[in-house]
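All chains, please: the whole structure from these sequences, using the hints.
Just so you know, the sequences run in chain order A, B, C and D. Oh and the first sequence: position 110 is 110 in the working numbering, straight run, nothing missing. Oh and the second sequence: position 98 is 98 in the working numbering, straight run, nothing missing. Oh and the third sequence: position 146 is 146 in the working numbering, straight run, nothing missing. Oh and the fourth sequence: position 141 is 141 in the working numbering, straight run, nothing missing.
Warning: the hint list may mix true and false statements.
Just so you know, same-sequence chains aren't split out, so a pair can sit in one copy or run between any two.
[To be verified] Calculated lysine-lysine pairs in the DSBU-like style (CA-CA distance at most 30 angstroms, straight line):
1. K59 x K132
2. K81 x K136
3. K92 x K165
4. K21 x K81
Think of the hints as simulated: they come from the structure by calculation, not from any bench.
Number of protein chains: 4
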Amino acid sequence: MSENNQLYDEKRYELIVERLKNRGVELIDIAEITYSLQAPYLSNLTLEICMEHVERVIKKREAQHAILVGIELDMLAEEGKISEPLQTILMKDYGLFGVDEILALSIVNVYGSIGLTNFGYVDKNKPGIMKKLDNKVSNDGHCHTFLDDIVGAIAAAAASSVAHKYAESL
Amino acid sequence: MSENNQLYDEKRYELIVERLKNRGVELIDIAEITYSLQAPYLSNLTLEICMEHVERVIKKREAQHAILVGIELDMLAEEGKISEPLQTILMKDYGLFGVDEILALSIVNVYGSIGLTNFGYVDKNKPGIMKKLDNKVSNDGHCHTFLDDIVGAIAAAAASSVAHKYAESL
Amino acid sequence: MSENNQLYDEKRYELIVERLKNRGVELIDIAEITYSLQAPYLSNLTLEICMEHVERVIKKREAQHAILVGIELDMLAEEGKISEPLQTILMKDYGLFGVDEILALSIVNVYGSIGLTNFGYVDKNKPGIMKKLDNKVSNDGHCHTFLDDIVGAIAAAAASSVAHKYAESL
Amino acid sequence: MSENNQLYDEKRYELIVERLKNRGVELIDIAEITYSLQAPYLSNLTLEICMEHVERVIKKREAQHAILVGIELDMLAEEGKISEPLQTILMKDYGLFGVDEILALSIVNVYGSIGLTNFGYVDKNKPGIMKKLDNKVSNDGHCHTFLDDIVGAIAAAAASSVAHKYAESL
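See below:
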């Protein structure tokens with residue numbers, strides 16, 4: 001049987017990075033959120049280590065699919081190609097719409113359930129790039145309903161990945 | 001404060017029913033799957049009762065949002081409006097794509113975790129309308145990557161709802 | 001067929017309230033967290049309304065089961081009845097243990113995926129009673145590994161319930 | 001910083017294998033379920049490959065924690081050490097109790113959401129060892145409320161792991 005690198009899809013990695021960049025998100029922006037989440041617990045943590053784990057998350061097929069779907073929906077909403085009432089729900093980032101959270105959950109879950117807490121925390125606090133994405137929406141008619149949560153989910157998953165790697169065993 | 005019917009959005013119910021119909025799914029098709037799942041455990045179960053619970057699931061806002069997103073993605077894929085590689089992933093119903101399952105999970109979860117088993121079971125067995133949707137895809141170039149799982153999720157959630165209502169307390 | 005109140009188990013409600021009380025948690029403590037989460041969005045929100053929704057969450061069978069299991073594990077750990085290594089994992093509230101989060105998720109999910117964010121937020125911030133539970137652990141040898149997350153999950157689910165009831169439709 | 005093998009906890013692996021054995025489950029029993037799930041899609045699949053992936057799942061920390069908690073609850077119930085009503089719920093494997101499914105979900109999720117379908121399928125069909133565990137319960141007063149779902153979840157997660165490794169890229 002021909003083997004692929006299990007769960008990872010490296011070929012698609014560059015495409016995902018490019019897609020995020022086009023939507024205004026650099027990996028370093030996400031790594032900064034991961035750093036802010038884990039630095040209080042790991043005194044020797046560096047931004048480089050966080051960057052490494054962000055990249056690792058984005059190489060996972062499950063994360064890639066969630067990212068592709070979320071960005072696609074944001075872009076189609078900006079182009080007005082979604083039928084109502086979903087078009088308005090997405091453009092207004094309607095508070096009772098939970099599909100963005102559920103999509104983010106599929107990214108977070110791959111690194112275990114400890115990521116849930118960090119995801120919820122940054123999704124509410126909106127540090128760094130997450131705040132910028134949020135403001136852009138109100139000002140310029142952009143739609144970042146999904147990207148917002150996706151960025152938070154990648155950052156939280158990378159934080160879990162760091163924690164699982166460096167935390168002391170019991 | 002003005003009150004809405006909690007968690008339910010009845011206004012949107014008709015729209016969702018219409019949208020499912022346009023995609024080839026009648027509520028009675030879903031109720032039949034629910035009936036097949038619960039009939040072995042409840043001797044007096046009728047198709048009417050199952051129909052009532054299918055309707056109840058579709059009145060839930062969480063389910064409505066998942067249904068709207070799933071059907072939208074299927075339709076946009078059929079129209080060729082999704083960018084690659086997602087367009088091909090959706091048209092081919094790529095086996096390692098799990099966003100359809102995660103979206104379905106958000107429907108199932110609203111009626112508790114006992115629905116997980118029934119969802120997985122029908123998603124693999126593809127009874128009734130689910131088989132028809134599957135065949136249509138191969139034959140006519142339709143895309144039912146999401147609708148498939150959504151139908152299974154509504155049927156499983158309705159089965160949970162029936163079980164929670166009629167099961168004996170311990 | 002004999003009907004129970006769907007998804008609700010009112011008989012068991014009093015038992016759950018008692019069990020929480022014995023572990024140091026009054027419903028009003030949880031309602032205060034819910035209030036702090038939703039007050040910024042709903043100007044007329046009262047603590048009474050939050051209390052009503054906390055009670056509603058605790059009447060749900062899915063929530064009751066998660067609460068019973070979580071409290072049981074905390075108590076058995078305090079009594080030293082759990083076999084190793086789980087006994088130590090629970091007593092030390094080991095950071096990489098995620099079963100508490102996953103159990104909490106089953107409570108949150110019943111009110112839809114918008115609760116995820118609030119759950120993560122309070123799980124990290126530990127407002128009010130959650131902080132007290134946390135401190136008790138370090139000082140008195142109590143085990144609140146599960147109760148902590150359960151309280152946060154009930155508060156977050158009640159916040160979702162409030163949001164779904166009073167939020168404006170789009 | 002001292003590094004552990006990320007997400008994996010090999011030291012604890014032997015303990016988990018032993019614990020499963022004591023409860024009547026050999027890894028090969030689980031590998032057989034994985035084989036039955038994936039063989040239809042991969043003509044060169046062997047039981048050895050399935051065994052390898054079952055081992056891989058059991059090396060994951062998230063899976064280990066869920067296994068430890070589930071088996072502990074089953075054993076404490078057999079010993080009559082759980083307080084009511086949970087004691088009876090566990091001994092009777094009450095159908096509306098969903099904590100076993102949610103715990104299983106945390107194992108399945110680590111290999112992405114495609115595992116959901118396989119988990120639900122085997123949880124209903126109960127192939128091989130799962131049927132034996134089920135029968136033992138009725139005959140000998142054993143409690144396998146959690147072990148049942150845990151075995152299904154490990155098998156389904158291993159099937160996802162196989163699928164992600166050998167499936168053709170799109």
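Now the hints, each set against the structure:
{"no.": "1", "hint": "K59 x K132", "result": "within (25 angstroms within a copy, 35 angstroms between copies)"}
{"no.": "2", "hint": "K81 x K136", "result": "both (20 angstroms within a copy, 25 angstroms between copies)"}
{"no.": "3", "hint": "K92 x K165", "result": "between (39 angstroms within a copy, 19 angstroms between copies)"}
{"no.": "4", "hint": "K21 x K81", "result": "both (22 angstroms within a copy, 21 angstroms between copies)"}
Violated hints are absent here; each numbered hint is respected by the structure.
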